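If you read the protein sequences in the order shown, they are chains A and B.
Residues in the first sequence are numbered from 5 upward in steps of one, following the working numbering.
Residues in the second sequence are numbered from 5 upward in steps of one, following the working numbering.
Since the hints were made in silico from the structure, they are not lab data.
Values in this document were obtained by computation on a predicted structure and should not be read as measured data.
Note that the list lumps identical chains together, so a pair holds whenever it fits in one copy or between two copies.
DMTMM-like, lysine to aspartate or glutamate: derived pairs with alpha carbons at most 25 Å apart: (1) 468 x 342; (2) 142 x 160; (3) 368 x 458; (4) 320 x 310; (5) 320 x 475; (6) 99 x 592; (7) 594 x 211; (8) 575 x 303; (9) 170 x 136; (10) 164 x 149; (11) 99 x 600; (12) 504 x 485; (13) 320 x 457; (14) 594 x 102; (15) 468 x 572; (16) 490 x 404.
Here is how the chains run, residue by residue.
Protein chains: 2
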Amino acid sequence: MNSTQRCRLLAGAALCVLAGVSLARDEGMWLLTSPPRTILKDRYGFEPSAAWLEHMQKAAVRFSTGGSGSIISSDGLVMTNHHVGSDVLAQLSTKSRDLLETGFYARTRGEELRCPDLELNVLWQIKDVTAEVNAGAKDGMSTADAGAARQRAIADIAKKAQDETKLKCEVVTLYQGARYHLYCYKRYTDVRLVFAPEQAIAFFGGDTDNFEFPRFNLDMCFFRIYEDGLPLQPEHFLSWSSGSKEGDLALVLGHPGSTERLYTSDHLRFLRDTLIPERLRQIWRSEVRAQIFMGRNAENQRLGNEDLLGVANGRKAFMGELAGLHDPAVMGGKAAAEAKLREAVRANPEWNKHWGDGWELVAKAEHDRLAWFRRWFVFERGLRSDLIGHARDIVRHAEETGKPNAERLRDFRDSSLPSLYTQLMSPAPVHEALEVYRVEGALSFMAEMLGAEDPAVLAALGGKSPKARADELVLGTTLKDPAARKKLVEGGSAALAESKDPMIAFWKLVDKESRELRARHEREVEAAEQAGYAKIAAAKFAAEGENTYPDATFTLRLAFGPIKGYSENAKEVPPYTDFAGLYERYQDRKGQVGFELPERWVRGKGRLDLTTPFNFVCGADIIGGNSGSPVVNTKGEVIGLIFDGNIHSLVGAFQYDATLNRAVAVDSRAIIEALRKLYDAGPLVDEMQGKSR
Amino acid sequence: MNSTQRCRLLAGAALCVLAGVSLARDEGMWLLTSPPRTILKDRYGFEPSAAWLEHMQKAAVRFSTGGSGSIISSDGLVMTNHHVGSDVLAQLSTKSRDLLETGFYARTRGEELRCPDLELNVLWQIKDVTAEVNAGAKDGMSTADAGAARQRAIADIAKKAQDETKLKCEVVTLYQGARYHLYCYKRYTDVRLVFAPEQAIAFFGGDTDNFEFPRFNLDMCFFRIYEDGLPLQPEHFLSWSSGSKEGDLALVLGHPGSTERLYTSDHLRFLRDTLIPERLRQIWRSEVRAQIFMGRNAENQRLGNEDLLGVANGRKAFMGELAGLHDPAVMGGKAAAEAKLREAVRANPEWNKHWGDGWELVAKAEHDRLAWFRRWFVFERGLRSDLIGHARDIVRHAEETGKPNAERLRDFRDSSLPSLYTQLMSPAPVHEALEVYRVEGALSFMAEMLGAEDPAVLAALGGKSPKARADELVLGTTLKDPAARKKLVEGGSAALAESKDPMIAFWKLVDKESRELRARHEREVEAAEQAGYAKIAAAKFAAEGENTYPDATFTLRLAFGPIKGYSENAKEVPPYTDFAGLYERYQDRKGQVGFELPERWVRGKGRLDLTTPFNFVCGADIIGGNSGSPVVNTKGEVIGLIFDGNIHSLVGAFQYDATLNRAVAVDSRAIIEALRKLYDAGPLVDEMQGKSR
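Looking at chain A on its own, in the form it has when it is part of the complex (with noise of 0.2 Å):
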């Protein structure tokens, strides 16, 4: 019995805290800088050398759409999920050639198919900068003030970077702004689709099954980078393993998106009560319109696919978290371990003169920001479509671009602009049935949130309703054709002063209350939250020791843990599923809506090691922006392919618990025997073990 389940077994997890066991077993998204040595050694024997860390960082990639992935051969493929990469399935499709329900594969170099707009990014150097950032905010300055002077820091940072390395800059703020990171990436954006399978097997299970265990999905998808039009020769790419077994030491390179775990009691609440449920009745009125929009008509349910799968996806993950924050016991172990922290800063006089008000800066942030938080969240979070994006960017960039670089919007910095070029001059088709629906409930959700009668609603209807005003908009503009885009991009303010584009016109009339609601966000809430974070990690810093990790920021991380299954309602999950299971789960479930299997499995079954092993579940502590990340063993081999967590992992935005939280990934085996046995992908398979081909 180890240390964490004998606290449990005693009083719950509130204990384990105040004990002063301040890291779960086999907790944590390390930085590739601070690894967790000690833990590795003592628990697994493990030490990783400098040399084995630049190999992971140089091998892992990160996905612009928002998820991981690794080079995993001397010519440049690249491996990651199928859901990370539907959105180019979906971009890539069309109403004849539907890639999401047929996969592709693309047999020769000439057959991959170019993908419009993504871009991919593997993190090249690596410096602390804390001080630098922090040189300019002075004792006695407020807040904001001083966040403000952070932010022109920031950006001289990354622009001075950007110019001497050429590589794409951001400057990373770690531990909620106790340390801030310089992180510079090698940017690739001549990306081609070189495999996916069908996904009713890569999302086998569909909503019922997504973050549970166990599961059968063959949730990959490959890319390959060009460089100068020839697949790219990397430095660094993973090989391949010849597997696992249940208890070796997994670990996962990848970027986890956000958690919360250092949030204070009160920010918690923020989200329990506020943030999460209206985040969530977005996300109800988003899936039931989706599955609106998709009945009407076969391509309408191929085109509203993506949008569904993201909202559902959401939902469950916000559910889980909501979920977990309603139970007492995860804000009692929360509350408990800020009381200790708090009485420790109080004890010490230097420390509480420093860092004793920092809880009180975050709670008033979260307390003031109530009164106005509806319409930031209607702003900054409701008008969405790809449309209403590229309108507002257009309008922007005019504008900010005519400012010094470091007084600029974030998204308009010159460190930021390659990739929003890419993003603007995208030739994906835009599909107007799919855009209408979008602006219009981008414009309902306006009234439904603020009344119709709203002065900004009524501006953004201009008198019609809002399905008549999203007709207008999304069949008058022109911003569906990129050379549009482009034109209007490059001929800046006056260009922009003369356009009669209707689109261009909404983003105009509703442009500057998002601009005030963005800046007053980041003025009282960010800076405050900074401010107050700093502080509050210093005490923690000081109080606990430095060995820990950072929230999650879709930075590179190291996660870790074994092979390992758990107990749930008194039964033992086993850590590997296999394709045996997998064709007793489609008899189970047989007609009923995700269980679908595609005829090539259902045909195919006799041509398959019924014993490989699936999917596996391991302890790393992963959270949304690790699909797609690799699972290597010691060696840094691939043995698997990480793309959800279980339930229980859902309420790792705030905790991780060792017992019941694992990571679900699909067995670098079934890779093989999938590809070799049903796909008849020999040559994929062959690039991917290193044999020449």
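The hints should help you fit chain B onto chain A, whose structure is shown.
Relative to chain A, chain B alone:
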């Protein structure tokens, strides 16, 4: 071109009203005591006799579950919609016998299935009691006091009538309080299921086609009323027609649930900006949660079906209503009509003195309630499940029945008790899994809406998460057993004081605030609305005459209009569909959710006359609650069975548009053809057609 059409072509709906055209062609849900005699005679040459009206009234049936129906044989056979009977079908189903999937036909009287708690009402006596109701409301009283005085009078009138007639008596508020009628019903509780088709053909097209046209639905269900253990031998029942044709006058007798056509602009604003958005938030949430519940396994799929259909239907209706209110033409038309009436009132000093403040009374009530609307909504609309409802009724029954009749909450007055007991003692099974999901949903809704640390939420949850608390309440309560409920009801306050039942204890925790909010709503909203609307209605009568109809109140009404298609997006929609069209749509949408056909229909196609009219539309002005209404010709013979309105009918809550608004019905000939050819139900057809059996 009729006047309404010309008017629309000139300058939109607003002008029509300003020009004094107060009713659209074929508009109205008319009282049988004040039918539209002139309109019917002038436009259709039809003069309904007193005998015709009485015959219709006494053959019409109201379903306690919220629908309409009619007696159609000398042996008490009752026709309604499948979707009106479906909750009974679900109650009568088991894991191994799913009547919704298989349908049902009792070939003999002995095979008919008794419905657990279905109550049918037939309106027998009508009396205007406006003077008696208003007698206690003296000049100078506050609106709240006047409202309370009216409520006491209403209770006394109903009780006296019930004692005298032994019928079920209710006082109905008409014209929002300008008139009060006493309605006394024959009440039937021995009702047995005779026939239902498969849900797949009753609801063919599913959510996608709901509220649309063309349609292909056999949305019918047959019950039989028993009295003293024998089939009812009714004085009045409808006979069957030989069919209808385009242009025929269709007359609809049914119980429209509620409309808001007389609402003031301020009241509509409250619906548009507050009530409907919050209701939709709850509905979207429920719809997604129902789908999650149903996805878990096949039995959940069956159990959750009724909840999902109900909520999806409500969602489509409310989204349609909201889209109407977001249409400036609708609100503009309302505002213009209101301005015209208010101007007429202002211009007449006597009118102005009596009625001039009617609009402000309503406006103030709708404004002031915003401050406590959310709590009211959670307590009065959010805490729903079968078991929570039983606990509430049992707790309140003990307290209320200890008071004088006129002082009790409406649902516990003597006149309401028989129906209450039918519900409380229902032998219908309570499914634990379904109830846990509902109770968890209610508790988490409460926490989301009020915040998890709201005192009421803390009390309701008792230190547990919503899921753990739902498990505790549902698994622990004895209220699943009707005998246990009966014992608690009969034991009264003493039994309740001793009860250790967790669900009873739960309701006691929330009852106080729930009652306070309800009382506040009756006092500050309902009473003020009644006072205001009574004035507005009086002004309307004075200015426009009394020859009009009141808003719907789930009481018997006559609607009418020709069998007639309409134009939509420049396309003519013909009034009739046929069986051939069903098979075409089935082929077209094959494999998609909601478009499955029962095996019987696939195999039996060759036996059907495919030219048989299947569904039709007519101009009758109907709304939710009219489901199951018979459509008759001027001879009073059944030509159809209302089951829906088209998409343009959704805004019918606020206004009727003769050019587009259509009621959708099953054709009487399709009923006969399907019963004879596919269901081998000759004896049932013979009974309906009055042939000896």
